[in-house]
Amino acid sequence: MPTLVSHPDEVKVISRRFGQGAADIEKYIELDGYKAVQKAIAEGPEKMPAWIIDTMKASGLRGRGGAGFPTGLKWSFVPKQSEKPKYVLVNGDESEPGTCKDHVIFLEDPHAVIEGTMIAGLAIGSKMGFIYLRGEYRYLLKIMEKAVADAYAKGFLGKNIFGSGLDFDVVTQSGAGAYEVGEESALMESLEGKRGVPRIKPPFPAVVGLYGGPTVINNAETIASAPHILLMGGEAYAKIGSERNGGTRLFGISGHVERPGVYELPMGYNLKKAIYDVAGGIKDGKKLKAVVPGGSSCPVLLPEEIDVGLDFDQMGKAGTMLGSGGIVVLDETVSIVEFALRTIAFYQHESCGWCIPCREGTDWIKKTLTRVYNGGGSKKDVANVQYLAENMMGRTFCPLGDAAAMPTLGFVKKFRKEFEDYIEGNKAGTPIITVQQLVGAGH
Amino acid sequence: MSEIANSIFTPATAARFDHLVTIYPVKRSALVPMLLYAQDEVGYVSDAVVTEIAQRLDLLELDVRNVLSYYSMLRTKPAGRYNVQVCTNISCMLRGGYEILDHCKHKLGIGHKEVTADGTFSLEEVECIGACCWAPAIQVNYDFHDNLTTVKVDEILETYRAGQGKDVK
Chain U
1 MPTLVSHPDE VKVISRRFGQ GAADIEKYIE LDGYKAVQKA IAEGPEKMPA
51 WIIDTMKASG LRGRGGAGFP TGLKWSFVPK QSEKPKYVLV NGDESEPGTC
101 KDHVIFLEDP HAVIEGTMIA GLAIGSKMGF IYLRGEYRYL LKIMEKAVAD
151 AYAKGFLGKN IFGSGLDFDV VTQSGAGAYE VGEESALMES LEGKRGVPRI
201 KPPFPAVVGL YGGPTVINNA ETIASAPHIL LMGGEAYAKI GSERNGGTRL
251 FGISGHVERP GVYELPMGYN LKKAIYDVAG GIKDGKKLKA VVPGGSSCPV
301 LLPEEIDVGL DFDQMGKAGT MLGSGGIVVL DETVSIVEFA LRTIAFYQHE
351 SCGWCIPCRE GTDWIKKTLT RVYNGGGSKK DVANVQYLAE NMMGRTFCPL
401 GDAAAMPTLG FVKKFRKEFE DYIEGNKAGT PIITVQQLVG AGH
Chain L
1 MSEIANSIFT PATAARFDHL VTIYPVKRSA LVPMLLYAQD EVGYVSDAVV
51 TEIAQRLDLL ELDVRNVLSY YSMLRTKPAG RYNVQVCTNI SCMLRGGYEI
101 LDHCKHKLGI GHKEVTADGT FSLEEVECIG ACCWAPAIQV NYDFHDNLTT
151 VKVDEILETY RAGQGKDVK
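Chain order of the listed sequences is U and L.
Heads up, the first sequence is in my numbering, so the first residue is 1 and it goes up one at a time.
Heads up, the second sequence is in my numbering, so the first residue is 1 and it goes up one at a time.
Bound-form chain U, shown alone (with noise of 0.2 angstroms):
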């Protein structure tokens, strides 16, 4: 079970509820809870879903999945009228290795992604909400099945919600393993009950989605930060964080650290800080030899480049990405060669193989660098892996084989020199995994 963290930087908005029981819906109502929804139904069926929306721009919440794309906009591509039923989906698949802040929302906060998905629900006009987990999460789907049940019980869910005349229905769901489904239309996919292979865009889910209608896809941390938005309204909200990025998420720090755990901080919060200070430091008193700031997909940072703002843009002028807010370090005895390889073998084994650049290009990239690694590399291997990696960017449907290119080009970039001393034989680190287990196990 996971254990809770805290620190005095903390500014509590998500996790405000967490370490209370509010997994129970008594002492959730009691927090507030299911008022967010009531004050959106307030404003009238007429104005309702603007205002919705309106406050949710006014926030300026950034799709907290790791694309970081504003929330209200997209709740406002969903067209008014349609045919289809309209959706929303919520993406609990949190599989981004480094990541496990959903995990202790739907441990400690179930009724926050209910309240939530209803939002999204008001605000698109639509009628039904699908909570989707991965499938090792099982007994958080069994916390989330039971929240829903509640609030069916209360009579919070299904038809005419708190006297709106508007019926509202919510299904979980549960994946079986696959980082795939993480993408928003493999996710869809998933749902469907097909194999988890993305989608062309366009048409993109706000028109086209979920069994062909318009759906609103959100991670599970945005969808729960809508309550307390509306609650605490969109500027109040929006003033905690940075510039065009509102708000505080969730950031999980792990590795290399003394303190490790899931912080809820500012956005725009000094990345050097948060693993220092609010982390504690580097374990053992050792020294910081990089940083993975957003999950194993983000290009890594060396220790000089952390005096940065942890918010979408500071993170992308800084050549990296904030992507889901799992902050990975490395101290000084890691082998960045073996740190590279098993990234990309995460990755080579997660490609699911419909688009050639990414399925090939992982595989490849993964052989050449187990090559490097068990010390038969030439020189020639770290210019091929590069290219390899610069070939796979952006030429493929979905943003797996970005997300395999990035973190490879940035570890052959800024390492260079350690790849091509290792295939010298001046091997930097104290190697972790044995030739054996990479060429045995699950890889």
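Since the hints were derived computationally from the structure, they do not count as laboratory data.
Quantities reported herein were computed from a predicted structural model and do not represent experimental measurements.
Warning: the hint list may mix true and false statements.
Claimed, not checked - Selected chain U positions facing chain L (in silico; Cβ < 7 angstroms):
1. Glu94
2. Gly98
3. Gly135
4. Ala176
5. Ala178
6. Gly252
7. His256
8. Pro260
9. Val262
10. Ser296
11. Arg342
As the list claims (entries may be wrong) - Below, computed lysine-lysine pairings styled on DSS-like, alpha-carbon distance capped at 27 angstroms:
12. U:Lys317 - U:Lys239
13. U:Lys283 - L:Lys152
14. L:Lys27 - U:Lys201
15. L:Lys152 - U:Lys286
16. U:Lys272 - U:Lys417
17. L:Lys113 - U:Lys367
18. U:Lys194 - L:Lys169
19. L:Lys27 - U:Lys159
20. U:Lys272 - U:Lys239
21. U:Lys127 - U:Lys80
22. L:Lys27 - U:Lys142
23. U:Lys414 - U:Lys317
24. U:Lys84 - U:Lys194
25. L:Lys105 - U:Lys142
26. U:Lys47 - U:Lys27
27. U:Lys367 - U:Lys379
28. U:Lys154 - L:Lys169
29. L:Lys27 - U:Lys84
30. L:Lys169 - U:Lys27
31. L:Lys105 - L:Lys152
32. U:Lys146 - L:Lys166
33. U:Lys142 - L:Lys169
34. L:Lys113 - L:Lys77
Stated by the list, open to error - Computed Cβ-Cβ distance ranges for the label pairs, DEER-style:
35. U:Gly280 - L:Arg65: 44 to 52 angstroms
36. U:Ala42 - L:Arg65: 49 to 57 angstroms
37. U:Gly212 - L:Ala12: 28 to 36 angstroms
38. U:Glu26 - L:Asp167: 23 to 31 angstroms
Yeah, the Cβ is synthetic: ideal placement off N, Cα and C, and Gly gets one too.
Let chain U serve as the given structure and place chain L on it in line with the hints.
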């Protein structure tokens, strides 16, 4: 009574499946969770499971197998009663995930995707399970165990061997 005559599932599961197909706009949406829940009961997705699920969802068996082969948690061969899944992805790797994996291999005397002779345990190296901040972590069936050491792993395995481990389904 289940809607399917001679269902291979327990009455409770059969009833659950009868209900599951009614909650979606399209019946087929029940396929992925149904395969997983069937596996929970039968131990793996057997030919009989495929046949009945295809029948329940008005699909070809081929359609079911096509989906089945995509998802990494679904298996077509029995695992141990307790499937020990060790995460070795980056956050766990940095905090001893491979050490835990090696320890389990040694302790159980089996490798990746193998089952102990008595059928009690199976072992699997898995990708990120979403417990990065509490690494290293494993799942035994659906139960998470985190902040692990090899000593803790021994205790956990013993608990399951004694039939006293939690088993969420």
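Against the structure, the hints:
no., hint, result
1, Glu94, "holds (5 angstroms)"
2, Gly98, "holds (5 angstroms)"
3, Gly135, "holds (5 angstroms)"
4, Ala176, "holds (4 angstroms)"
5, Ala178, "holds (5 angstroms)"
6, Gly252, "holds (5 angstroms)"
7, His256, "holds (6 angstroms)"
8, Pro260, "holds (5 angstroms)"
9, Val262, "holds (6 angstroms)"
10, Ser296, "holds (6 angstroms)"
11, Arg342, "holds (6 angstroms)"
12, U:Lys317 - U:Lys239, "holds (22 angstroms)"
13, U:Lys283 - L:Lys152, "holds (21 angstroms)"
14, L:Lys27 - U:Lys201, "holds (25 angstroms)"
15, L:Lys152 - U:Lys286, "holds (25 angstroms)"
16, U:Lys272 - U:Lys417, "holds (25 angstroms)"
17, L:Lys113 - U:Lys367, "holds (22 angstroms)"
18, U:Lys194 - L:Lys169, "holds (23 angstroms)"
19, L:Lys27 - U:Lys159, "holds (22 angstroms)"
20, U:Lys272 - U:Lys239, "holds (22 angstroms)"
21, U:Lys127 - U:Lys80, "holds (13 angstroms)"
22, L:Lys27 - U:Lys142, "holds (22 angstroms)"
23, U:Lys414 - U:Lys317, "holds (16 angstroms)"
24, U:Lys84 - U:Lys194, "holds (21 angstroms)"
25, L:Lys105 - U:Lys142, "violated (31 angstroms)"
26, U:Lys47 - U:Lys27, "violated (30 angstroms)"
27, U:Lys367 - U:Lys379, "holds (15 angstroms)"
28, U:Lys154 - L:Lys169, "holds (26 angstroms)"
29, L:Lys27 - U:Lys84, "holds (17 angstroms)"
30, L:Lys169 - U:Lys27, "holds (26 angstroms)"
31, L:Lys105 - L:Lys152, "holds (15 angstroms)"
32, U:Lys146 - L:Lys166, "holds (19 angstroms)"
33, U:Lys142 - L:Lys169, "holds (9 angstroms)"
34, L:Lys113 - L:Lys77, "holds (10 angstroms)"
35, U:Gly280 - L:Arg65: 44 to 52 angstroms, "holds (49 angstroms)"
36, U:Ala42 - L:Arg65: 49 to 57 angstroms, "holds (51 angstroms)"
37, U:Gly212 - L:Ala12: 28 to 36 angstroms, "holds (34 angstroms)"
38, U:Glu26 - L:Asp167: 23 to 31 angstroms, "holds (29 angstroms)"
When each numbered hint is compared with the structure, violations occur for hints 25 and 26.
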